[in-house]
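Enquirer: If you read the sequences in order, they're chains A, B and C.
For the first sequence, position 237 matches number 237 in this note's numbering, and the numbering has no gaps at all.
For the second sequence, position 196 matches number 670 in this note's numbering, and the numbering has no gaps at all.
For the third sequence, position 265 matches number 1044 in this note's numbering, and the numbering has no gaps at all.
Treat the hints loosely; a few may be bogus.
[Unchecked claim] Across the chosen pairs, the derived CB separations fall in these ranges: (1) 109/A x 763/B: 47 to 53 Å; (2) 761/B x 33/A: 49 to 55 Å; (3) 324/A x 828/C: 19 to 25 Å; (4) 141/A x 828/C: 40 to 46 Å; (5) 33/A x 1037/C: 56 to 62 Å; (6) 1037/C x 81/A: 57 to 63 Å; (7) 526/B x 297/A: 37 to 43 Å; (8) 764/B x 297/A: 52 to 58 Å.
In short, the hints are calculated from the structure, not lab data.
Beta carbons: idealized from backbone N, C-alpha and C, even for Gly.
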Amino acid sequence: MRTTRGLVGTILAGTLIVASCVGGDDEDPAGGDAERNADAESYTLRVMSNAALGEGAKNAEEAMWITEYVIPEFEAAQEAEGIDVTVEFVERGVDDDDYKNKLALDMGAEEAADVIAIDGIWVGEFAAAQEIAPLDDTVGADEVSAWEGWDQIPDTIASLMEFDGDRYGVPAGTDGRVIYYRKDLFQQAGLPADWQPTSWQEILDAAEALGELPGVTPMQLNAGTAMTEATTMQGFLPLLNGTGVELYADGKWQGATPEVVEVLEMYATVYSGGLGDPNLQKTVKGRDDSFLKFADGEIGMLIESDYFWRDVVNPRTGVAPMDNRDDVVGWALIPAQEPGSGIEGKDFLSLSGGGGWVVNPDTEYPQQAWDFLTFMLSKEALLERLANEPQVSPRTDVNDELLRNDPHLAFIADEVLPITDFRPALEEYTDVSLFIQEATLDVVNGADPAEAAQTYEEKLIERVGEDAVVTGSG
Amino acid sequence: MALAEPVEAAPPGPTASTDAAGLGRARAWLFVAPGLVLVAIFLVFPALWTIYLGTTNYELLGERKVSPEFVGLDNYTDTLADPEFHDSVVKTLLFVFGSALVGQMCLGFAIAWMLRTAGVWVRRTVETVVLMAWILPGSIVGFLWYAFLSEDDGTLNAILPVGDSAWLVEHPMWSIVIFNTWRGTAFSMLLFTAALATVPPSQLETARLSGAGGWQQLRDVVLPNIRGHILTNALLISLWTFNDFTPFLITGGEGSEILPIYIYKTALTGQQQLGLASAVSLIVLLINLVVALAYLAMLRRRRVR
Amino acid sequence: MTPADVVRRIGFYTLLCLVFASFVLPMLWLVSVPFDAKPSLSVSVPDFTLGNFETLADNPSAYKSLLNSVIISAGSMVLVVSLAALGAYALSRVRIRGRDALLYALLLLSSIVTGTAAIVPLYILLDELQLLDSHTGVVLAMSGGLLPAALFILKDFMDTTPRSYEESARVFGASPLRILVDVVVPIARPGLATIAVWTVVQVWGNFLIPFIAYNDPDRFPAAVRMFTFYTEAGQPNLLLISAFSLAYAIPVIAMYLFVSARYGFRFHGGIKH
C-alpha cells in the first residue's frame, strides 16, 4: 500500500511541479504600438518562408535569393544610414501543411519570425486565430499606403492577402491554370496543334480522339483526396466557375445545386468513360505519377497551374524534365461549359492562388520589418529573384519587363490573370475543399454524381450551418 | 559454462522475484526514480494534458484557438457516433489481427523455428535481412513499398505472372497488412528465437524419444513452455501496431483509414480539431486497455494452472 | 540421410530462400535508384552514376542533418538504456506493489504522447521549460515516450536471467549498484543492446517531435531534412531523395550490424551463450 502510494505520489508530484511552471500564459492580443522601436540604431530581424537552401531543396531559388541578395543588400543599405542590422533567414522547406502547422505552433508561443511567408488561403484562419493582424494596425495606415508597390499590384492580386476587407500582407506572386496538352499526341489523333476548346464537350471530344491512341490516357482531371488542394483548384473549381456559379458568393456556399452536380457528372463522364485513369486519383503519389506520364507521352491533356510548365517539366531544372517542352507542350484556356456560361458571362476561366508576406504583429520592429518586406517586393529585388526562372510576379512593371521573352508566362500574365478567380479566404474553406475532394473521390469510385453531391451538401451544412448553404432544392 | 540448475521456462511478468542483490525497497526506489521523473514530466504530464484537451473544442487555428470552449463529453459522443470512426476501428482491428497477430507472430515464429536448425551463415543472413525491414526509417519504407506495389512498373507486378494489379488502390487493407508483416516480423522473430532457446532440451529429447513427431513436439513441449512469451509479445506488438502511423505513407489513408490515420486527419487536416483528436486518442487508449487486460487475463490464467 | 531427408532439406532451404527473397524484394529500390541517373518511383536497372551523391553533397545541410540525427539518437540511446537498466533491474528484483499496473499504465499512455494529438501540449511544455530548439529537449521528449516500452522489455529480460551470480556477488559483499554494473549488465548485454538499437531506430526515424521542436534549420535531423527535398508543390526530387535515403539508412544499418556482432541481440535472458 505504502509503496503503491509512493509510486503514484512521485509521479503526481513531478506532474504538479511541471504544471506550476507551465502557468496559464494568457496570450496578449497580437500587436501594440506600430511605431515602437522605429528609431532603433541596431536590431535583428528574422525572415521565414517555406524554402530551404541547397540545390534541389524546396524553393531553393527563393532561399538563395533571400540569403544572397536581399539580406546583404538590405543590411548594406541600412549600414549606409548608420544603422546596424542583422537579418536572419529561417529555413524551412517542408510540406506546406507541415509548415503551416509549425507556424501555428510558433505563433502561439510567440516564437515566430518577424517577416513571414504564408499562403493566401491561410489568411482567414490565422486572422481568426488572431495570430496575424491587418497591416494598417501593425505598421500604420500611412506607412502602408505610402508604398509605391501598391500602384503596380492589381487589386485582384492584392486581394489574395486580404480578409474581411483588411490587407494582412503583400502578395509575392501568383499563378494561373490552363489545359496543357501534348501537341505530338494531338497530331497523331488528328487534332489541331493550336487547340483551343470553347466548351466542355470539345474537351471530351478531343479526349475521345486521344483515346484511340494505344497506351495513352487521354486526360488528367485532378480528383480525390490524395491530391488535396490540387483537386479543388485544378479540377473542381474551374469547372464550377464554368457553369456560372462561384463556390462562395453572397455569404453562401454552393451545396448540391444543379451546377455542382453537373461538375460531378463531368467527372463521372471522364472516369467511367475511360478518358482518365481513376487509379492515379487514388494513390498517394498519383499526382507525381501523372506528371511523369505526361512527360513520357502517356497522358494527352492535364489541367494544371503554370507551376507545371516552369517547374515540373522544365527542361533544365524540372523533376520530370522534358527536353522538348517548348515544342511539344501546348496550352489552352479552360473553357466554360458553353461559351458565355461562365461566371460574369465569361467564355474562359481560371483559378489563381499565391502567397505573400506578412509582418508578425508581435515583432519588436514593425517599421523595419515593413521596410524589409517592401524591399523584397521592390521592382529590383523581384527582377533579381525571377531573372533565372521567370514566374508571374504580383507587379505589372516587373511582369512587363520580365516576361517579354517568355511566351507562356506572358500568356499567363496577359490572358489568364484577367479572367482568373480566387478562392474565398475564409476559415471554413479548407474544410469545404476537403468535402469537394471527397465528393470527386466518390464519383471516381463509381458513385452517382447526384448522390455524391448530396453527401457533400450534408457535410457542408454540418460545417457551416444551413443558412450559409445554397441547397440543391433552393 | 555449465548450468547451475535447469531453468524452468520462467514466465514473464510478476514472478516470485527474489531480491538477489539485496536492493531493498528504498534503493529500488532510488533506481527507479530518475526514469520516473523523466516519464512524469515528458510523458504523463503531456498525456494528461492531451486528455484534458479532449474535453474542449480546441483547434490549431481559427477562432477556436483563441477561445476554445469546454465541451465535456461531446467529443466522445460525437466520435462514438461517427460512422467513419466505426469503420476505422474495424479496419484497425483487422490490421492488428492480420499483420501483428497472424502475420508477424506466425512468420516470426516460423522463421525462428526454422533457423534453429540452419547453419550459422544462413541464420545470420536471414536474420539480418528481416531486421533491415524493421530498421529502415519510415519515410524510406514509404518509397520502397510504393515502388513495390505500384500498378505500372511495380516490382511485385513485374514478378507475378498474372496481370498487373493496382494493389494500393484496389486492395489497400491487404497492402498494409502485408506491408506491416514485412515491417515488424523482426521483433517477433528475435523474441521467439530467444524464447525457443529457453525450452529445456531434456523435455524435447524425452518427447522425441517417445516417438513424437515435429508437430507434436511443437504442440506439447514447446508451446506450453513459451506461452508466457507468446502473450507478452502479442501484447506489445498489438499495442504498437494499434498506434502505428506508417501505413499512411503508402496508401495516404485511402481505403485504409486505421485509427492513427483517423486521429491525424482530425488533428492536422481540415478544421484541425485537436480537441476532438485528443478525445479520440483517449478512446484508442481505452481500447488498448481492454486488449491489454485480455492478454493479462490469459497470462494469469496460465500461471494459476 | 534418406531420400526423404534430402527432400525435406531441400524444401527447408527453398522455404528459407522464399523468406529471404520476400524480405529483400521491396528493398531493391534502395539499392538501385540512388545510383540511377534517371531515378523514378519504380525499380529498374539503373543508368549507373554516383552523381546523385555529389549533388547531395552540394546541399549544405544534407549531410549535416545526418550528424544531428546521430546526436539525438545517441543521446536518447544513452538516456533510455541507462534509465531502463536501473529501473528494469529494480522492478524485476524487488516486489514493489503496483509496479505492473504502473508499467502497463505508462505503456498505454505512451501511445498518446507519440501520436499527433499531443503535439500542442508537448510543444508548450518544451517552450515553458526553455527546451525548444535544442537537442536536449528533443532527446528528453523522445526518451520519455520510449522509456515505458524499454522498461517493459528489459524487465521481462531480466526476469529470466538467473540470480545466482548476483547472489554470489552479494555474498562477497558487493553493493547493489556494483552488482548491477559488474554482474548484471554483462549478462544482460544482449537485452541492453536490443533496447539500444530499438531506441536508435525509433529516434532516427522520428519526424514529428524534431519538426515541432526545432526552429533553427541547422539542427534538423535527417528525418526532417528529407522532407525538404520536394518541389514547391510537393513533388519529390527523386535524385536527392533516393541518394539521401541510402545515406540516411546506412548509419542505422551499420549500427545494428556492429551491435549485433559485438553484443548479440535478443529479447530474453536465456542462459545459453
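Enquirer: For every hint, state whether the structure bears it out.
Expert: Okay, the hints, checked on the actual structure:
1. Taking the beta carbon of each, residue 109/A and residue 763/B are about 33 Å apart, not inside 47 to 53 Å as hinted.
2. In this structure, residue 761/B and residue 33/A meet the distance hint of 49 to 55 Å, their C-beta atoms being roughly 53 Å apart.
3. In this structure the supplied range 19 to 25 Å holds for residue 324/A paired with residue 828/C, their Cβ-Cβ distance being about 23 Å.
4. Taking the beta carbon of each, residue 141/A and residue 828/C are about 57 Å apart, not inside 40 to 46 Å as hinted.
5. Range check, residue 33/A to residue 1037/C: Cβ separation about 59 Å, and the 56 to 62 Å hint holds.
6. Remark: the range hint 57 to 63 Å for residue 1037/C to residue 81/A is upheld by a beta-carbon distance near 58 Å.
7. Separation of residue 526/B from residue 297/A is about 57 Å and departs from the stated range, judged on CB atoms against 37 to 43 Å.
8. Checking the proposed 52 to 58 Å range against residue 764/B and residue 297/A shows it holds: the Cβ atoms sit about 55 Å from each other.
Of the numbered hints listed earlier, those contradicted by the structure are 1, 4 and 7.
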